[in-house]
Amino acid sequence: MSSFERLSAYRPYGLAALRIITALLFIEHGTMKLFAFPAAQMAGPLPPLILFAALLELIGGILILVGLLTRPVAFLLAGEMAVAYFMAHAPNSFFPAVNQGDAAILFCFVFLYLFFSGPGAFAVDNRKSA
1 MSSFERLSAY RPYGLAALRI ITALLFIEHG TMKLFAFPAA QMAGPLPPLI
51 LFAALLELIG GILILVGLLT RPVAFLLAGE MAVAYFMAHA PNSFFPAVNQ
101 GDAAILFCFV FLYLFFSGPG AFAVDNRKSA
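No gaps in the numbering here: position 129 of the sequence shown is 129 in the numbering used here, and each next residue is one more.
Because the hints were derived from the structure by calculation, they are not lab data.
A virtual CB, placed ideally from N, CA and C, is assigned to each residue, including glycine.
Do not rely on the hints blindly, as some may be mistaken.
[Stated by the list, open to error] Label pairs and their computed distance ranges (CB to CB):
| no. | residue 1 | residue 2 | range |
| --- | --- | --- | --- |
| 1 | A39 | F94 | 21 to 31 Å |
| 2 | S2 | N92 | 38 to 48 Å |
| 3 | L24 | L46 | 19 to 29 Å |
Input sequences plus hints: build the corresponding full structure.
This is the structure in structure tokens:
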């Protein structure tokens, strides 16, 4: 067995780290819109579509963080990020590095991966039902 094959035993923990860090970063986008923390993302009252996105980011991020309903929530959030990219970023330029949409693309595909892979270790979804 090669040393890389031995790493497979840690796959659930690597997946959990990806899920948790992604969720923390995603929650931050919601808190910036809703609470101007750690910095304000936009001034004034939020338009309804942005408010809806902020609630998805905060609530969905918390659910992903704890690993509750991971697969359906990840699917929903991947869709949100695809819509965000094509509505807010793509019209500005074809290139993600120019249109500042690279984070939306990364979030979209990490959430798609979580949809297919499940939550990994340390998730409420893994608890045994009575």
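The hints, checked one at a time:
1. Checked against the given bound of 21 to 31 Å, the beta carbons of A39 and F94, roughly 28 Å apart, stay inside it.
2. As the Cβ distance of S2 to N92 is approximately 45 Å, the hint placing it in 38 to 48 Å holds.
3. For the hinted restraint 19 to 29 Å between L24 and L46, the CB-CB distance of approximately 22 Å keeps it satisfied.
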